[in-house]
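A.B. asks: Produce the entire structure from the sequences given, and follow the hints as far as they go.
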Amino acid sequence: MFWNLEAMRDYGLRATDGDIGQITDVLLDDAAWSVRYVVVDTGSWLPGRKVLIPPRAFGEPDTATRAFPVDLTRDQVKHSPDIDCDRPVGRQQEEALYGHYGWAPYWGGPAAPMWGAPMAEPVPADYPATMKTPGERDPSRPEDTGGDPHLRSGREIEGYAIEAEDGSIGHVQDFLIGHDWRIRYLVIDTRNWLPGRKVVVPPDWVRRIDWATREVDVDLTREQVKSSPEYDPLVQLDRGFEEQLYGYYGRVPYWI
Numbered sequence: 001m002f003w004n005l006e007a008m009r010d011y012g013l014r015a016t017d018g019d020i021g022q023i024t025d026v027l028l029d030d031a032a033w034s035v036r037y038v039v040v041d042t043g044s045w046l047p048g049r050k051v052l053i054p055p056r057a058f059g060e061p062d063t064a065t066r067a068f069p070v071d072l073t074r075d076q077v078k079h080s081p082d083i084d085c086d087r088p089v090g091r092q093q094e095e096a097l098y099g100h101y102g103w104a105p106y107w108g109g110p111a112a113p114m115w116g117a118p119m120a121e122p123v124p125a126d127y128p129a130t131m132k133t134p135g136e137r138d139p140s141r142p143e144d145t146g147g148d149p150h151l152r153s154g155r156e157i158e159g160y161a162i163e164a165e166d167g168s169i170g171h172v173q174d175f176l177i178g179h180d181w182r183i184r185y186l187v188i189d190t191r192n193w194l195p196g197r198k199v200v201v202p203p204d205w206v207r208r209i210d211w212a213t214r215e216v217d218v219d220l221t222r223e224q225v226k227s228s229p230e231y232d233p234l235v236q237l238d239r240g241f242e243e244q245l246y247g248y249y250g251r252v253p254y255w256i
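Each residue of the sequence shown is one higher than the one before, counting from 1 in the working numbering.
These are calculated hints, taken from the structure and not from any lab test. Note that beta-carbon positions come from the ideal geometry of N, C-alpha and C, so glycine has one too. Treat the hints with caution; some may be incorrect.
Pair by pair, the computed Cβ-Cβ distance ranges are [said to hold, decoys possible]: (1) ALA7 x LYS226: 25 to 35 Å; (2) THR65 x ASP238: 19 to 29 Å; (3) GLU156 x ARG197: 23 to 33 Å; (4) ASP86 x ILE256: 34 to 44 Å; (5) PRO229 x ASP180: 21 to 31 Å; (6) GLY99 x ASN192: 41 to 51 Å; (7) ARG208 x THR73: 37 to 47 Å; (8) PRO233 x GLU156: 18 to 28 Å; (9) ARG197 x GLY99: 44 to 54 Å; (10) ASP166 x GLN92: 38 to 48 Å; (11) PRO195 x MET1: 22 to 32 Å; (12) ARG155 x SER44: 16 to 26 Å; (13) GLY167 x TRP211: 19 to 29 Å.
C.D. replies: Now the structure itself:
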């Protein structure tokens, strides 16, 4: 089962002793393509404040009440480090957050599947050498202010243009998130090229993201995308569709 970010934003969060707010966004790592934090607006409970909650705190969602349980108390959330979610998140802030909850950080310890037992999540082998430890300054980016340049808002990337090898094919509309909190697919709306059609592209096929021009370059051609399996957001994406998708492109599936 996959969760799309758009649907997650309709869900509230419930601590062990009461509600704490509503999901508004996620911060994702565009090198590992994993969700690192869920951004929560605490609403009338803590007016004017947003908090970051690591995925490892989340339990199985209740679709009837449209809420995710989190293994935290309201007091823990209330006294968590005050982090400006609209600015780059630095390593010291991340260390303070994990230290507050008494957890090993994702860059040196366990991560958690969406709702299950903790699992190890090593830093990918192809993670940029200057960023082997997320949050460190990247000397190749003079504009880096100490925040992790690979930690990005999912909401920010929505709307970015998708550029194939031979031209534009649409824009990022949404993300499909797996049980391991990895971004498994970018949902692409091709309305300006192929009206009424949506497709999905695995992040492994993304060659680069240009933050200045708000573009995502993919390792595909327009003709390939034009004839690719169509994605229906009203139908749950299953393994059968995934096999069809990877088979069409002749690519090795992520689960092999």
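A.B. asks: Does the beta carbon distance between GLY167 and TRP211 stay inside 19 to 29 Å, or does it fall outside?
C.D. replies: For GLY167 and TRP211 the Cβ distance comes to about 21 Å; the hint holds.
A.B. asks: Mind checking the hinted window 18 to 28 Å against the Cβ distance between PRO233 and GLU156?
C.D. replies: With Cβ atoms ~21 Å apart, the hint holds.
A.B. asks: Could you say whether the range 23 to 33 Å given as a hint is met by the Cβ separation of GLU156 and ARG197?
C.D. replies: holds (24 Å)
A.B. asks: 25 to 35 Å was suggested as the range; check whether the CB atoms of ALA7 and LYS226 agree with it.
C.D. replies: Cβ of ALA7 to Cβ of LYS226: about 27 Å, so the range 25 to 35 Å holds.
A.B. asks: Falls inside 22 to 32 Å, the C-beta gap from PRO195 to MET1?
C.D. replies: At 29 Å between Cβs, range holds.
A.B. asks: Given the hint of 21 to 31 Å, check if PRO229 and ASP180 actually sit that far apart at their C-beta atoms.
C.D. replies: holds (23 Å)
A.B. asks: Do the Cβ positions of ASP166 and GLN92 conform to the proposed distance bound of 38 to 48 Å?
C.D. replies: The hint (38 to 48 Å, Cβ to Cβ) holds, given that ASP166 and GLN92 are roughly 44 Å apart.
A.B. asks: Is it true that the C-beta distance of ASP86 to ILE256 lies inside 34 to 44 Å, as the hint says?
C.D. replies: The hint (34 to 44 Å, Cβ to Cβ) holds, given that ASP86 and ILE256 are roughly 39 Å apart.
A.B. asks: Please test the hint of 19 to 29 Å on the beta carbon pair from THR65 and ASP238.
C.D. replies: Taking Cβ atoms as reference, THR65 and ASP238 lie about 25 Å apart, which means the hint holds.
A.B. asks: Could you say whether the range 37 to 47 Å given as a hint is met by the Cβ separation of ARG208 and THR73?
C.D. replies: holds (42 Å)
A.B. asks: Within 16 to 26 Å or not, the Cβ separation of ARG155 and SER44?
C.D. replies: Because 22 Å falls inside the window, the suggested range holds.
A.B. asks: In this structure, is the beta-carbon distance linking ARG197 and GLY99 contained in 44 to 54 Å?
C.D. replies: holds (47 Å)
Going down the numbered hints, you'll see the structure goes against none, and every one checks out.
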